[in-house]
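Student: One-letter residues, chain by chain:
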Amino acid sequence: MTARVSGAWDRLGITAKLWLVFGVLFTMFSLAGAAACVGLLVMRGAENNIQDNMEIRAKILEMEGKLEKSRRLYRDYLLLGPELDFEAARERFCQPALAEAARLIAVCEDLRRLIAAAPPGSAIARRNVDLTLFTSTARRYSLVLLNETGLYARLYNPGDGQLPRLAGLTDQLGEALQGSSDATLLLREMDILEKRYEITRQRPFMQSALNKAAALKRLVAADKTVAPSRQADVLGLLDAYAGLADKVLETVKDMQTNVHDFWLQSRAVDPIAEELKQLSASEVARARTRSVWAGRLAAGILVATALLGLACLAVAARLLHASITSKIETMTRHAEAVRAGHLDVFLQNGSSDELGVLAGAFNAMTARLKEMVDTLEDKVRLRTRELAEKNSELDAKNQELATLSLTDRLTGLCNRRKLDHALEAEIRRAKRYGSVFSVIMVDLDHFKDINDAYGHATGDLVLVRTADVLVGHTRETDLVGRWGGEEFLIVCPETDLRQTTVLAEHLRRELGLVWGTDAVAVTASFGLAVYSGDTHPSSLLARADAALYRAKQAGRNRVAAAPDMQEASDPEGGDAPGRV
Amino acid sequence: MRIAMLAVASILGLVVAALIAGPFGEKSKFECNDALGCVDVAAGASVRLGVIQSLSGKVAVLGSEQMRGLELALAQRGDRLFGHAVKLIVEDTGCRPEGGANAALRIVSDPSVVAIFGTTCSGDAAAASQVMSAAGLCMISGNNSAPFLTAMGGKPGPKWRPGYFRTAPNEEHSGPAAARYAYTALGSRKAAIIHDGDIYTRGLAEGFRQEFSRIGGSAVLFAAVDKGDADMRPVLEAVAASGADLLFFPLFQPEGNGVLLAARANPALAGVTLMSDGSLIDQSFIDALGDAAKGMYFVGPTPPEPGEAVTKFQQRYRERYGEAPPTSYSLNAYDAAGILLDAVTAVAKCDRDGNCVIGRQALRDALAATKDYPGVTGRLSCDAFGDCANPRFNVLRLDDPVKGVGGLLDNVVYTYEPQKDHDR
Numbered sequence: 136m137t138a139r140v141s142g143a144w145d146r147l148g149i150t151a152k153l154w155l156v157f158g159v160l161f162t163m164f165s166l167a168g169a170a171a172c173v174g175l176l177v178m179r180g181a182e183n184n185i186q187d188n189m190e191i192r193a194k195i196l197e198m199e200g201k202l203e204k205s206r207r208l209y210r211d212y213l214l215l216g217p218e219l220d221f222e223a224a225r226e227r228f229c230q231p232a233l234a235e236a237a238r239l240i241a242v243c244e245d246l247r248r249l250i251a252a253a254p255p256g257s258a259i260a261r262r263n264v265d266l267t268l269f270t271s272t273a274r275r276y277s278l279v280l281l282n283e284t285g286l287y288a289r290l291y292n293p294g295d296g297q298l299p300r301l302a303g304l305t306d307q308l309g310e311a312l313q314g315s316s317d318a319t320l321l322l323r324e325m326d327i328l329e330k331r332y333e334i335t336r337q338r339p340f341m342q343s344a345l346n347k348a349a350a351l352k353r354l355v356a357a358d359k360t361v362a363p364s365r366q367a368d369v370l371g372l373l374d375a376y377a378g379l380a381d382k383v384l385e386t387v388k389d390m391q392t393n394v395h396d397f398w399l400q401s402r403a404v405d406p407i408a409e410e411l412k413q414l415s416a417s418e419v420a421r422a423r424t425r426s427v428w429a430g431r432l433a434a435g436i437l438v439a440t441a442l443l444g445l446a447c448l449a450v451a452a453r454l455l456h457a458s459i460t461s462k463i464e465t466m467t468r469h470a471e472a473v474r475a476g477h478l479d480v481f482l483q484n485g486s487s488d489e490l491g492v493l494a495g496a497f498n499a500m501t502a503r504l505k506e507m508v509d510t511l512e513d514k515v516r517l518r519t520r521e522l523a524e525k526n527s528e529l530d531a532k533n534q535e536l537a538t539l540s541l542t543d544r545l546t547g548l549c550n551r552r553k554l555d556h557a558l559e560a561e562i563r564r565a566k567r568y569g570s571v572f573s574v575i576m577v578d579l580d581h582f583k584d585i586n587d588a589y590g591h592a593t594g595d596l597v598l599v600r601t602a603d604v605l606v607g608h609t610r611e612t613d614l615v616g617r618w619g620g621e622e623f624l625i626v627c628p629e630t631d632l633r634q635t636t637v638l639a640e641h642l643r644r645e646l647g648l649v650w651g652t653d654a655v656a657v658t659a660s661f662g663l664a665v666y667s668g669d670t671h672p673s674s675l676l677a678r679a680d681a682a683l684y685r686a687k688q689a690g691r692n693r694v695a696a697a698p699d700m701q702e703a704s705d706p707e708g709g710d711a712p713g714r715v
Numbered sequence: 132m133r134i135a136m137l138a139v140a141s142i143l144g145l146v147v148a149a150l151i152a153g154p155f156g157e158k159s160k161f162e163c164n165d166a167l168g169c170v171d172v173a174a175g176a177s178v179r180l181g182v183i184q185s186l187s188g189k190v191a192v193l194g195s196e197q198m199r200g201l202e203l204a205l206a207q208r209g210d211r212l213f214g215h216a217v218k219l220i221v222e223d224t225g226c227r228p229e230g231g232a233n234a235a236l237r238i239v240s241d242p243s244v245v246a247i248f249g250t251t252c253s254g255d256a257a258a259a260s261q262v263m264s265a266a267g268l269c270m271i272s273g274n275n276s277a278p279f280l281t282a283m284g285g286k287p288g289p290k291w292r293p294g295y296f297r298t299a300p301n302e303e304h305s306g307p308a309a310a311r312y313a314y315t316a317l318g319s320r321k322a323a324i325i326h327d328g329d330i331y332t333r334g335l336a337e338g339f340r341q342e343f344s345r346i347g348g349s350a351v352l353f354a355a356v357d358k359g360d361a362d363m364r365p366v367l368e369a370v371a372a373s374g375a376d377l378l379f380f381p382l383f384q385p386e387g388n389g390v391l392l393a394a395r396a397n398p399a400l401a402g403v404t405l406m407s408d409g410s411l412i413d414q415s416f417i418d419a420l421g422d423a424a425k426g427m428y429f430v431g432p433t434p435p436e437p438g439e440a441v442t443k444f445q446q447r448y449r450e451r452y453g454e455a456p457p458t459s460y461s462l463n464a465y466d467a468a469g470i471l472l473d474a475v476t477a478v479a480k481c482d483r484d485g486n487c488v489i490g491r492q493a494l495r496d497a498l499a500a501t502k503d504y505p506g507v508t509g510r511l512s513c514d515a516f517g518d519c520a521n522p523r524f525n526v527l528r529l530d531d532p533v534k535g536v537g538g539l540l541d542n543v544v545y546t547y548e549p550q551k552d553h554d555r
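Chains as they are written, first to last, in our numbering: chain A, 136 to 715; chain B, 132 to 555.
Take the hints with a grain of salt, since some may be wrong.
Label-pair restraints from in silico Cβ distances [stated by the list, open to error]:
1) 371(A) x 397(B): 26 to 32 Å
2) 420(A) x 362(B): 15 to 21 Å
3) 258(A) x 162(B): 41 to 47 Å
4) 420(A) x 162(B): 30 to 36 Å
Capping the alpha-carbon separation at 30 Å, the derived lysine-lysine pairs in BS3-like fashion look like this [stated by the list, open to error]:
5) 443(B) x 412(A)
6) 687(A) x 553(A)
7) 502(B) x 443(B)
8) 218(B) x 382(A)
9) 286(B) x 382(A)
10) 330(A) x 352(A)
11) 480(B) x 189(B)
12) 388(A) x 189(B)
13) 525(A) x 514(A)
14) 443(B) x 189(B)
15) 189(B) x 534(B)
16) 330(A) x 382(A)
17) 352(A) x 388(A)
18) 388(A) x 534(B)
19) 502(B) x 382(A)
20) 443(B) x 218(B)
21) 204(A) x 412(A)
22) 359(A) x 321(B)
23) 425(B) x 218(B)
24) 534(B) x 425(B)
25) 321(B) x 388(A)
26) 321(B) x 425(B)
27) 443(B) x 352(A)
28) 553(A) x 525(A)
29) 553(A) x 566(A)
None of these hints come from the bench; they were simulated from the model. Just so it is clear, CB atoms sit at the ideal spot from N, CA and C, and this is done for glycine as well.
One chain only, chain A, in its complex shape (with noise of 0.2 Å):
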């Protein structure tokens, strides 16, 4: 998994890592953002539970109070209406506890638009029926109050109330009755019964009250001493009690019955309310937990966020640093490295993005730098060497050339050149030293003939015969080289010219030894000279020469030897015969 994400992070371009890690970290900003805005979402929404909740609550306070105060004021008109003055005490106590039971209801009522608006879920909107159940109870409260204080109205209202008018009858009955003890004591019995009545409100003392009223008008009926018209009065008084008494007791029943629905009433709404405020007091401590735990989450995002987004960036940071600056730094170095001529660097880069890309042309670029620096280090090499050969062959053929310059190319014998440097060398070294030494010129003879005859092949062949047998027979520090053509030159150092003179014949008897068993009869003329002085080789020579000529002129194959440079002068002296 993470060399795969590894590997995708890497096929991704520099822009598109700018772009997700940009992405990334604008996403959490964005989340923290969001996290706060919730959080300050559900603590308004708790705040404003709570405001709603309290308010649901002053409501019920409210309600509740409505509702006591007007039972303590019914309680206060009951207790007190019938010591204070009637209209006073109505005025006072009744009337206020019906106001008060219509402004409950309209308590109610503003208790049920915000309990309906509080929000569906909470448990306070769930208790809406019981609310319902509070109204309409409070209204039913108010409609038995009402009924209530009418009954009480129409039982102790002082003028028309029942009970006084009752009281008024017996007090009637009390002057009717005056004289009889019988009646009088009924009379009595019934009063105080109508009375126990009045305070206990036991229906059997008013039956009873009644029992005596009947058992009174029975003894007033059957009293013959009474005058009928009193008779009449007082049967008339005693069913005017009795009917007012039937009467009493249904006004006193009906508001025994309104006492009883208050009090089921209370038993039915009572526990509301106090439920209600519970209910209320924990929804504003669930507000304040839910509140409380916003703010504390919120606020736990937003550090975690805040966080995240740090070691978002910080590995933001790092895989950017990883992914372009330390690459672009790698790069730099090895750039450097080329530049310091180290072309055997390669750059590792594995991903595919541009600096990849990069990485692959700076590797191709530095592999084909080496290439061809290699080439060239090969080719100057290469170069060097042949230029070495060629050196070498150039030496060869320098010295070649040397040896060609100072050599015979026919015969391998000294050239002219070498031979006119020999010559001045001995003449420096005879001057010098005072030494003496000879030169022989030999010339073969009818050397024509022979070209002509065998041709030059034959002639050359001749000619390098002749260099070998002159080599082969001489002193090795003599030097012999061909002057010529069909002509040679012996320098002999340190020779006088008898020892030339042995010298030149020796070499003639050897080329006739040669060249006499062959078909071929070669010949050689030998002029001798001997150095006497001269002072340039070519007077050397040219008596050497001259000695040739003689020789040739003596009838070739013989040895001459100049004169001295004082005999040459002196013609006499020079050409000795037999000599020749």
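Go by the hints and put chain B onto chain A.
Tutor: Just chain B now, with coordinates in the frame of chain A:
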């Protein structure tokens, strides 16, 4: 490059999508065109039925019978209606009108309540019916028999409210039936009458008084006791003083018990015939009073004719509760519950997911349209005022308390059926 741009774009897209994504598409619902609105029963939710009965005090036994009738009717339907479980919201009235009013207020404050099964006492029903009807609900009782609640003489009773139905017979003729029997069969001429101010007992007492006076008798005392009164001697002294030869006291327990005991304790009343009504036709009353109740007359609805349906019902009752039904009112309750549950099932409109709506007016109409419902108490058809039972009344005499309520119910001395012959 392209991949990176795609990645960034998709991340941004996700963020934006997450931000703007909200709850889309509310569940499709049936449109409610009902004049009184509809009750939604979401898939998986329970069908909520309000139950208002007297479940405390001496009358609890009657309320309990109503509950059992309902439970058996539900059990017969697998305790489910159109695939939904049934949730009962039970309120106790204590057999007092204000209890009925407060219980009804409590029930109607829950808008998810489909209908109300109740009440036990007619006084509670009058108060509850008012609240229920104003809230657009229906209520059906298997026990209320006061005429005020439905119709009197073919005209709507003062406490009649639309949406109210009952399978207990209208006792409009119960008081007159008792008066006729007292006058003609028992030869009574002076009757004392005691009620407790409840519209039920008062209605009976008034019916008795009017009929008794009409046929020549004299109502010498028309007295009342209060619910909860302990001392009944004064009122019985008044009875004694009135010279009545018959005492009609259509009271509930325990006031009825008190009156009976006080009457037995009063030697002046030794010769006075005692007559009460259906609310005391109960095993607990016989058990409590024993011999004191011997010779007493009761006027009450005629129990259903014995038959297969009744036997089956009684068998199921015994299986579930381990005893025989103490009164026959559980049968009325069973039929009332059956009519209600069938009507609710018929009216409920459900989608494929099981979300249902029940129109309130449609439910009222469905209940009113009940015709020839095959109940255990007979074939029931509801009239325009919500009366679904055929009124038939028996006068019973308790000869042997040992035989219990069964023996009492069997000892029919007089049957009155307004739709048929008046004397049989």
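Student: Work down the list of hints and note, for each, if the structure agrees.
Tutor: Hints, one by one, checked against the model:
1. 371(A) x 397(B): 26 to 32 Å: holds (30 Å)
2. 420(A) x 362(B): 15 to 21 Å: violated (54 Å)
3. 258(A) x 162(B): 41 to 47 Å: violated (31 Å)
4. 420(A) x 162(B): 30 to 36 Å: violated (41 Å)
5. 443(B) x 412(A): Not OK: residue 443(B) and residue 412(A) at ~51 Å, beyond 30 Å, violated.
6. 687(A) x 553(A): Holds: residue 687(A) and residue 553(A) sit about 26 Å apart, inside 30 Å.
7. 502(B) x 443(B): holds (22 Å)
8. 218(B) x 382(A): violated (44 Å)
9. 286(B) x 382(A): Distance of about 28 Å is within 30 Å: holds.
10. 330(A) x 352(A): Since the Cα atoms of residue 330(A) and residue 352(A) sit roughly 19 Å apart, the hinted pair holds (cutoff 30 Å).
11. 480(B) x 189(B): Distance of about 41 Å is beyond 30 Å: violated.
12. 388(A) x 189(B): holds (20 Å)
13. 525(A) x 514(A): holds (16 Å)
14. 443(B) x 189(B): holds (28 Å)
15. 189(B) x 534(B): Holds - the C-alpha atoms of residue 534(B) and residue 189(B) are around 21 Å apart, at most 30 Å.
16. 330(A) x 382(A): It holds: about 15 Å lies between the C-alpha atoms, which stays within 30 Å.
17. 352(A) x 388(A): holds (26 Å)
18. 388(A) x 534(B): At roughly 38 Å apart (the allowed maximum being 30 Å), residue 534(B) and residue 388(A) break the hint.
19. 502(B) x 382(A): violated (45 Å)
20. 443(B) x 218(B): holds (26 Å)
21. 204(A) x 412(A): Given pair residue 204(A), residue 412(A) holds - Cα atoms ~18 Å apart, limit 30 Å.
22. 359(A) x 321(B): holds (27 Å)
23. 425(B) x 218(B): violated (43 Å)
24. 534(B) x 425(B): At roughly 11 Å apart (the allowed maximum being 30 Å), residue 425(B) and residue 534(B) satisfy the hint.
25. 321(B) x 388(A): Since the Cα atoms of residue 321(B) and residue 388(A) sit roughly 27 Å apart, the hinted pair holds (cutoff 30 Å).
26. 321(B) x 425(B): holds (21 Å)
27. 443(B) x 352(A): Violated, at about 60 Å.
28. 553(A) x 525(A): holds (28 Å)
29. 553(A) x 566(A): Distance of about 20 Å is within 30 Å: holds.
In this structure, the earlier hints numbered 2, 3, 4, 5, 8, 11, 18, 19, 23 and 27 are contradicted, and the remaining ones agree with it.
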